[in-house]
Amino acid sequence: MRRTTAIVLGALSFAVQSTGCVNAQETTSSPPIKIGMFAPLTGSAAFAAKVAYGASSVYKDINDHGGINGRKLELVLEDDACDPNKGIAAVKKLTAQDRVFLIHGGWCSNVVLAIKPEIERDNTLPYVVLGAASASISTPVTANIFQPVATTQAVANTMVDFALSRPDVKKVAIISHSDEWGKSHLQPAIDALKAHGLTPVETVYFERGSTDATSQTLKLRAAKPDAVLAVLYPAELAIYLRDAYKYGVRVPTIGTQGASIEDTERRIGIPDAVRDLYIFYPLSQTISSDQFKPWAEIFKKYYPAEPIDTITFIGVGGALAIADVIKRLGPDVTRERFLSEMNKLTNFDSGVQASTMSFSPLDHAGIKSGNMIHLVDGVPTIVSKLSTPKP
Amino acid sequence: MSKTADSSATGNYRVNHLARGRTLRGLGLATCLALLLGLPLLVNEYQQFVVNTMVIYALIAVGFNVVLGYLGQLAFANAAFFGVGAYATGLTMVHLALPLPLALLAAGAAGTVAGIAVALPALRVQGHYLAIFTLAFGELMRWVYVHADAVTFGPSGFNVPRPAALGLLGSPERGKYYLFLAVAIIAIGATVRLLRSRFGRAFVAVRNNERAAASLGVSVARAKIIAFGWSGFLVGVAGGLYALLNGRVTPDSFGLAQLLLNFAIVMIGGLGSVLGSILGAILLTGAPELLRNFAGIEEIVFSLLLIGVLFFMPKGIGGLIAARIPALREPLHRE
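Going line by line, the protein sequences match chains A and B. Take the first sequence: its position 147, counting from 1, is numbered 147 in the numbering used here, and each next residue is one higher. Throughout, the numbering used here is defined as the position within the second sequence, counted from one, plus 1000.
It cannot be assumed that every hint is accurate.
Stated by the list, open to error - SDA-like, lysine to any residue: derived pairs with alpha carbons at most 25 Å apart:
| no. | chain 1 | residue 1 | chain 2 | residue 2 |
| --- | --- | --- | --- | --- |
| 1 | A | K194 | A | S210 |
| 2 | A | K34 | B | E1298 |
| 3 | A | K60 | B | R1292 |
| 4 | A | K72 | B | L1140 |
| 5 | A | K34 | B | R1292 |
| 6 | A | K116 | A | Q187 |
| 7 | A | K116 | B | P1163 |
| 8 | A | K219 | B | L1123 |
| 9 | A | K116 | B | V1043 |
| 10 | A | K116 | A | K219 |
| 11 | A | K219 | B | A1148 |
| 12 | A | K116 | B | V1050 |
| 13 | A | K116 | B | H1147 |
| 14 | A | K116 | B | L1140 |
| 15 | A | K60 | A | D290 |
| 16 | A | K116 | B | A1097 |
| 17 | A | K34 | B | A1148 |
Said to hold, decoys possible - Selected chain A positions facing chain B (in silico; Cβ < 8 Å):
| no. | residue |
| --- | --- |
| 18 | D79 |
| 19 | P84 |
| 20 | N85 |
| 21 | I88 |
| 22 | K92 |
| 23 | A96 |
| 24 | L113 |
| 25 | A114 |
| 26 | P117 |
| 27 | S178 |
| 28 | D179 |
| 29 | E180 |
| 30 | D191 |
It should be emphasised that the hints constitute simulated quantities derived from the structure, not laboratory data. Cβ atoms here follow ideal geometry from the backbone N, Cα and C, with glycine treated the same way.
Using the sequences and the accompanying hints, generate a full structural model.
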């Protein structure tokens, strides 16, 4: 009991120190700062609700430690169901009805791209992306939109570089969704391969919601690739890996941050099927490591029933950046000053994300790289190079 | 003598009853119109957006009901018509710089063409086969949106230009509302007239028994083509308005989930009921917004609501209205 208490207190102290939010001397009578958040809490992408819960746990923790400069953070969480129409409704509710100070939300790129004109229209409203990765969100730059997560461009480049980190890999194939998310990874991946003088030996589409990948797997097998880039959501990645295992496609598969290695292993239930799986990993440490424990403890404190996963922490870096910028504003918290301070954020180390975050007036894609994760003897491990598949 | 007096009294009663019904309807319509015109003064921008969505879904539901409820065909190409209309409006505005009224007409025209395209096989196949064919048609259209990148901008979709005139009333949502309302009133009014004409009676005759209808001289093929074409027109125009409402068109908006929502609206509203379709659209687009406050359980509450409506009102809202308020009973309502 005493040990648990010590861990929790240590974790809270760690979180608070890293955001610089403790100020017990200051009054808490000031009105709260309203933060609007939207994410898919229902529907086909509801698995990503935990991204919102992860960021929310940071705000709750800050409040439990007195808030920022004496002001509490009031979170208003709305469901977008990964549907553009519902996303627009959520944003209109947050701005017109709840009158939030800023919005930190959006996991589905199609929703964020749909609300982008709305955000652009109200160009004083700060909008910080929660987890949506499409590079089109922050490129070209919009003055009030910040993307503190690895973009599809950054993920695709990292995946290609990682695949080619083994010198004998010359033939790369791609299996991808054909939706916006899939294609926004696909084109940068093809461009990155081209920069290395390569073209994909095969590119196949696997539609979302499909339950069988036999034809795609056989096409990939016929192309005899040295590595496969899999731009697939969790359910479809598991289906592809299961079929690849069934049909003897024993080459490294490199996935995006849309899936997590623990979840994929759980979904398939065949350890050998994930033996050659590598996944882009946006976090600094594995979630089971001692260094990451404080973050896991904070999350568990507020969401004890939610299983912890990689994507739980995707929005945490953004939440910490927001808290840091609000802290810097002092008592004079205005949207104009917030936007100005966000533009000055340089090499911000949240301690959670794989790389530091920087924004400038000309660049609002804050994260440029990430790690790769792989199961070594069944334990998720951050790796720097692609290894040769075991026979 | 007493028989004559009885029939005369019955006749007078009927005339009075009909006249009272007409007066009630007229009063009801005038009150509704006044409320609808004044509504933007009472709501904020978010609520206005939700109301705008309701207007669009009312139009969709009425269009879908023409085929499903009045013609009695198990056709599920509604999401396809909706998408075709949205893409036609957006793409003609982006590629051809068409003004909004023409872009909306293009949506209606594209929806009509799609409707007729679906009607042709409907002359040969029926029931579950037609259902499968129309579902496949919807998926084919979605494939085109995703893969014809050069024209449709692929899976990312595209932004629809916002006509400056919509902002003249202070808020773009308010401007959209009056436009949507005018279009919906005209289109739904025209649908009511169509359904009350010999074409509408032909639709119902086909629904009740195709062979009997044909033996009475009803051209089944013509009835089907007109019903599908009109349904495509209405839903296509609704798609055009939807493109304008969201300011963005993406293929994801016109998939199976959209179709299921449309279907649920028509079923809960009541087959063969225009008023039921409108009320079903209000209920099913409004309820998810009201349930936003039930974070985490809104899907359960929404499902229970749907089950409850179907359990207690198996003929839908239209059926309930027909049973409880005779003045609002629609002549061709499906019993």
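Outcome of the hint check:
Only pairs whose Cα atoms come within 25 Å are accepted, and K194 of chain A paired with S210 of chain A is rejected, the gap being roughly 30 Å. Taking the CA atoms of K34 of chain A and E1298 of chain B, the gap is near 23 Å; set against the 25 Å cutoff, the hint holds. Restraint check for K60 of chain A and R1292 of chain B: satisfied, since their Cα atoms lie roughly 21 Å apart, inside the 25 Å limit. Annotation: proposed proximity of K72 of chain A to L1140 of chain B is violated, straight-line Cα distance about 51 Å (limit 25 Å).
Annotation: proposed proximity of K34 of chain A to R1292 of chain B holds, straight-line Cα distance about 18 Å (limit 25 Å). Restraint check for K116 of chain A and Q187 of chain A: satisfied, since their Cα atoms lie roughly 22 Å apart, inside the 25 Å limit. Straight-line distance between C-alpha atoms of K116 of chain A and P1163 of chain B comes to about 17 Å, which keeps the hinted pair within the 25 Å bound. Proximity of K219 of chain A to L1123 of chain B is assessed by CA-CA distance (about 39 Å); at most 25 Å being required, the pair is judged violated.
For a cut-off of 25 Å, the pair hint linking K116 of chain A to V1043 of chain B stands: about 23 Å separates their Cα positions. Simply put, K116 of chain A and K219 of chain A have alpha-carbon atoms about 38 Å apart, too far for the 25 Å limit, and the pair is violated. At roughly 23 Å between alpha-carbon atoms, K219 of chain A and A1148 of chain B fall within 25 Å of each other, so this suggested pair holds. At roughly 19 Å between alpha-carbon atoms, K116 of chain A and V1050 of chain B fall within 25 Å of each other, so this suggested pair holds.
Note on K116 of chain A and H1147 of chain B: the hinted pairing holds, with a Cα-Cα distance of about 23 Å set against a maximum of 25 Å. For the hint pairing K116 of chain A with L1140 of chain B, the CA-to-CA distance comes to about 29 Å; that exceeds 25 Å, so the pair is violated. Restraint check: the Cα-Cα separation between K60 of chain A and D290 of chain A comes to about 22 Å, which is no more than 25 Å; the hinted pair holds. Between the alpha carbons of K116 of chain A and A1097 of chain B the distance comes to roughly 22 Å, so the proposed pair stays at or under 25 Å and holds.
Under the criterion of a C-alpha separation no larger than 25 Å, the hint pairing K34 of chain A with A1148 of chain B is inconsistent with the structure, at around 42 Å. The closest approach between the C-beta of D79 of chain A and any C-beta of chain B is roughly 6 Å, which is under the 8 Å cut-off, so the hint is satisfied. For P84 of chain A, the suggested interface contact is upheld, since its CB lies about 6 Å from the closest CB of chain B, less than 8 Å. Look at N85 of chain A: its Cβ gets to within about 6 Å of chain B, closer than 8 Å, so that hint holds up.
Given the 8 Å rule on beta carbons, the hint for I88 of chain A holds: about 6 Å separates it from the nearest Cβ of chain B. Against a cut-off of 8 Å between C-beta atoms, the interface hint on K92 of chain A holds, since the closest Cβ of chain B lies about 4 Å away. For the restraint placing A96 of chain A at the interface with chain B, the shortest Cβ-Cβ distance is roughly 4 Å, inside the 8 Å limit, so the hint holds. For L113 of chain A, the suggested interface contact is upheld, since its CB lies about 7 Å from the closest CB of chain B, less than 8 Å.
Annotation: A114 of chain A was flagged as interfacial toward chain B, and the flag holds, the nearest CB pair being 4 Å apart, inside 8 Å. Taken as an interface hint, P117 of chain A checks out: its beta carbon lies about 5 Å from the nearest beta carbon of chain B, inside 8 Å. Checking S178 of chain A against chain B by beta carbon gives a least distance of about 5 Å; that is within 8 Å, so the hint holds. A cut of 8 Å between beta carbons decides the hint on D179 of chain A: the least distance to chain B is about 5 Å, and the hint holds.
Because the closest C-beta pair between E180 of chain A and chain B is about 4 Å apart, less than 8 Å, the hint holds. Because the beta carbon of D191 of chain A sits about 16 Å from the nearest beta carbon in chain B, more than 8 Å, this interface hint is broken.
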